[in-house]
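Novice: Position chain W relative to chain F; hints supplied.
Sequence order for the protein chains is F and W.
FYI, in my numbering the residues of the first sequence are 1 to 586.
FYI, in my numbering the residues of the second sequence are 1 to 245.
These aren't lab readings, by the way, just hints derived from the structure by calculation.
One or more of the hints may lead you astray.
Here are a few chain F residues that sit away from chain W, every Cβ distance over 12 Å (derived from the structure) [to be verified]:
{"hint": "1", "residue": "V110"}
{"hint": "2", "residue": "A129"}
{"hint": "3", "residue": "V160"}
{"hint": "4", "residue": "D359"}
{"hint": "5", "residue": "E456"}
{"hint": "6", "residue": "G464"}
{"hint": "7", "residue": "P475"}
DSSO-like mimics (lysine-lysine), calculated; alpha carbons at most 30 Å apart, straight line [stated by the list, open to error]:
{"hint": "8", "chain 1": "F", "residue 1": "K177", "chain 2": "F", "residue 2": "K29"}
{"hint": "9", "chain 1": "W", "residue 1": "K41", "chain 2": "F", "residue 2": "K41"}
{"hint": "10", "chain 1": "W", "residue 1": "K78", "chain 2": "F", "residue 2": "K196"}
Because the structure is a prediction, the values reported are computed rather than measured.
Using N, Cα and C, we set each Cβ at its ideal position, and we do this for glycine too.
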Amino acid sequence: MKTATMIRNSDHDFLTRLKESEEDTFAQKAVAKAQDAQWIKREAARQELGNWEDWRSLGEQIRQHTVRYLPDYLEEFSDNVEKNGGRVFFAQTDVEARDFIVNLAREKQVRNVVKSKSMVTSEIGVDKALLEIEGMNLLETDLAEFILQQDDWDEPTHLVFPAIHKDRDQVREVFMKKLGYEGDNDPQHLARFARKVMRERFLRNEMSITGCNFAVADNGMINLDTNEGNADLCMAIPKIQVVCMGMERIVPGMREAETIDNMLARSAVGQKITTYCTFTSRQVDGEADGPEEFYVVIIDNGRSNALGTDFEPILQCIRCASCLNVCPVYRHIGGHGYGSIYPGPVGSVLSPVLQGNYDDFPDLPYACSLCAACTATCPVKIPLHKLLIKHRQIEMDDLHQSKLVDDAVMRVVGLGTGHSSLFRTALGMDHAMLTPLQKKRPETAENLYSNGRHLEWMPFVFGGWTKVRDLPDPPAHSKNFRTWFREHKREQAMQGGMKATVPQAPRDPRASGSVGEPVLKADGYYQDGRPITEVQAHAQGQDKVSERVGARAASLSQEHVPEGSHIDGNDIADAASRQEGTQQHD
Amino acid sequence: MTDRETFLNHLAERSGRPRHLLGDNPLVPVNDLPETTLSGKSQDELLRIARKNSEAVNAHFQTTTKAKLPGVLDTFIKDKITDNADEPYQANGHDRLLLPTSDLFADFGLESWRDGLEDPTPTFWRPGAGRQANIDAAEHAGAAIAFADYMLAESGSITTATTPGQGRAFHFLPVHYLAIVRKSCILPRSRQAMDRYDKAMKAGELKTSNINIITGPSNTGDIEMVLVVGVHGPLDMTYLVVEDM
Numbered sequence: 001m002k003t004a005t006m007i008r009n010s011d012h013d014f015l016t017r018l019k020e021s022e023e024d025t026f027a028q029k030a031v032a033k034a035q036d037a038q039w040i041k042r043e044a045a046r047q048e049l050g051n052w053e054d055w056r057s058l059g060e061q062i063r064q065h066t067v068r069y070l071p072d073y074l075e076e077f078s079d080n081v082e083k084n085g086g087r088v089f090f091a092q093t094d095v096e097a098r099d100f101i102v103n104l105a106r107e108k109q110v111r112n113v114v115k116s117k118s119m120v121t122s123e124i125g126v127d128k129a130l131l132e133i134e135g136m137n138l139l140e141t142d143l144a145e146f147i148l149q150q151d152d153w154d155e156p157t158h159l160v161f162p163a164i165h166k167d168r169d170q171v172r173e174v175f176m177k178k179l180g181y182e183g184d185n186d187p188q189h190l191a192r193f194a195r196k197v198m199r200e201r202f203l204r205n206e207m208s209i210t211g212c213n214f215a216v217a218d219n220g221m222i223n224l225d226t227n228e229g230n231a232d233l234c235m236a237i238p239k240i241q242v243v244c245m246g247m248e249r250i251v252p253g254m255r256e257a258e259t260i261d262n263m264l265a266r267s268a269v270g271q272k273i274t275t276y277c278t279f280t281s282r283q284v285d286g287e288a289d290g291p292e293e294f295y296v297v298i299i300d301n302g303r304s305n306a307l308g309t310d311f312e313p314i315l316q317c318i319r320c321a322s323c324l325n326v327c328p329v330y331r332h333i334g335g336h337g338y339g340s341i342y343p344g345p346v347g348s349v350l351s352p353v354l355q356g357n358y359d360d361f362p363d364l365p366y367a368c369s370l371c372a373a374c375t376a377t378c379p380v381k382i383p384l385h386k387l388l389i390k391h392r393q394i395e396m397d398d399l400h401q402s403k404l405v406d407d408a409v410m411r412v413v414g415l416g417t418g419h420s421s422l423f424r425t426a427l428g429m430d431h432a433m434l435t436p437l438q439k440k441r442p443e444t445a446e447n448l449y450s451n452g453r454h455l456e457w458m459p460f461v462f463g464g465w466t467k468v469r470d471l472p473d474p475p476a477h478s479k480n481f482r483t484w485f486r487e488h489k490r491e492q493a494m495q496g497g498m499k500a501t502v503p504q505a506p507r508d509p510r511a512s513g514s515v516g517e518p519v520l521k522a523d524g525y526y527q528d529g530r531p532i533t534e535v536q537a538h539a540q541g542q543d544k545v546s547e548r549v550g551a552r553a554a555s556l557s558q559e560h561v562p563e564g565s566h567i568d569g570n571d572i573a574d575a576a577s578r579q580e581g582t583q584q585h586d
Numbered sequence: 001m002t003d004r005e006t007f008l009n010h011l012a013e014r015s016g017r018p019r020h021l022l023g024d025n026p027l028v029p030v031n032d033l034p035e036t037t038l039s040g041k042s043q044d045e046l047l048r049i050a051r052k053n054s055e056a057v058n059a060h061f062q063t064t065t066k067a068k069l070p071g072v073l074d075t076f077i078k079d080k081i082t083d084n085a086d087e088p089y090q091a092n093g094h095d096r097l098l099l100p101t102s103d104l105f106a107d108f109g110l111e112s113w114r115d116g117l118e119d120p121t122p123t124f125w126r127p128g129a130g131r132q133a134n135i136d137a138a139e140h141a142g143a144a145i146a147f148a149d150y151m152l153a154e155s156g157s158i159t160t161a162t163t164p165g166q167g168r169a170f171h172f173l174p175v176h177y178l179a180i181v182r183k184s185c186i187l188p189r190s191r192q193a194m195d196r197y198d199k200a201m202k203a204g205e206l207k208t209s210n211i212n213i214i215t216g217p218s219n220t221g222d223i224e225m226v227l228v229v230g231v232h233g234p235l236d237m238t239y240l241v242v243e244d245m
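In isolation and in its complexed conformation, chain F is listed as follows:
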């Protein structure tokens, strides 16, 4: 069963997409501006709320709990929708969901359909399928989506600001060309013009298609958050409403919906709550407007691939897009670079999960510097960067996607860095061996510490680096860090009247067979399990230096470090989020 067959939104390969993104300097500036503006708004909103880390714990708990008992909550929700007079349909694939909606539109002989912005409707490709019905008028009513539709269905590039890559002149041009707009490029005038065009369409609308921020299990209502009010008009005027819902977008009750709405608005746009936060279901007897026919389509489309795996936390996502708004990679390559309707860190994790393979998006897990800013900002604590590493592990270890040559090179690197004697030999030779490849440019602040020399081409896997940036030339052996450090310690010792020591990497006594040698751990030096000072460790290291060389010491990488004592991206993310929670941004 194929899933998520329509989430790829570019036919170009990753490197081509990157090149295109690189050339689109307007989009880059727009994304940078959006990220910076949203940073200030988001952090101010979280700061004002207070106790942000505790709110995150609550948000994580609600979402984890719901995903854990997902079948039970979906059962409860669908029972309650039916109790309210609505109908629920379950779709395992995008095609199933799309066909249901298209058939419904045909059956009801609907010719005017309005939509409010929803990622899941993009995921199932319902727009294009509906437009194949003869005489069908379909209107995207979120202003950004409306602009993209008028521009011949240009692809969205951000989950919350889909038209972020267009400036006011481009919008004006689209409106002039397609809608006969005659005004200036003032965003207010453009928006008011769009209001008028869309209002007329709203009034003759027969069926609406909306997304669903959250489904409320215990009363069968759906919860939608918008700022423009288009979703509410979609839910008020037509007689038929179809709600498309990713199956994980559910919460136990109104209280949890309200909690997550508060966190979503703060994380997405720095608001306390969106302008319109609505809970809705099928019209109740006596009411004049609202849908007489209310359909909810619950869509799996590959989400269940995450269940029971390391990727299950991605189903906690509430689509706030704050991970996009802090991501340095997204800042540079924008939404189009990802090639998926779900861009940014969440998209890089989610897209291969939805498809259940790496055929379309093998590169996305690598579109990440592992800085963990996404993990630190996520309101429901999805360990995004760790999930990207997990994707890489699967691609390399399980699927053996690495090239044989790269694999061999990495083995050599592993061998070289794994043995101190080989490593030191390599350090002594790297400068000399790379000389033929060196290029020189005048010394500037940028290359002050790299001899003014750099490499523009490297072989094998190292070429991945030099394809996109210069590699600073490694310093000569006499100038490298280890030499400098040794000299520095000697000078320090001379000044302090102490015996000069040569620092050596202490090693695991079990590996070298010698008992009592100092061991370096994340929190300092140890000997026989007891902490010792750095000076003691170095003094002992010096005494045993000849023994160490002779014994071909084990590497630091083989050293036994108890689980949890090492520093990884998660610790950095935790530290960063603690800092975010206490920082003032005013």
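Specialist: Same frame as chain F, but now just chain W:
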């Protein structure tokens, strides 16, 4: 479409967890921040917080007394309709005043005010008048005056549940909008409002298909992230708090 049982069993199978374990594992929240944030404030303090936060979302925040209420509403109507020329971006003209059908006119002492309105003569959202007639009334409204259930101090919001006399489109189609709310109905946060609605719906006291939390006028940042107020919904929003109720 996939049969529900097949769909749900598939999820249980993938997750490796049997179905129907929820009964023994209800959600017990790790903290009570939604309740305790902003709790313990007096109505005066909540009013002050609500004013600050309403103004921050571009809502006009006014207070009045029950006795002065008709006069304040007259001024609103004059500003928004009588003295306000039709605007080119409004599709269908906006010279009418839209009012709900509600017992609350009596509670707020507004029955004679309502019955005496002449310029313009009000149109009403009428139970039984049907979808088209009510939507037409709302679409041609230059201004609507609504009754809100609650006001939320933290976010500067008003909340309203749809009734036969005050429908969904009532709050979205008119150009200008005013919501009347009692001072005693100012709540700290959305949590307290949701608790009240949830309880009333489950007890059968409230029968509604729709609950709106509305926070200021409709707006967008979709063009270059420049804030534009007034997109699909009302172009402006006035909250009128009646202090002695």
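Novice: So, for every hint listed, does it hold in this structure?
Specialist: Okay, the hints, checked on the actual structure:
| no. | hint | result |
| --- | --- | --- |
| 1 | V110 | 16 Å, holds |
| 2 | A129 | 16 Å, holds |
| 3 | V160 | 9 Å, violated |
| 4 | D359 | 20 Å, holds |
| 5 | E456 | 37 Å, holds |
| 6 | G464 | 34 Å, holds |
| 7 | P475 | 45 Å, holds |
| 8 | K177(F) / K29(F) | 26 Å, holds |
| 9 | K41(W) / K41(F) | 26 Å, holds |
| 10 | K78(W) / K196(F) | 24 Å, holds |
Hint compliance for this structure: hint 3 alone is broken.
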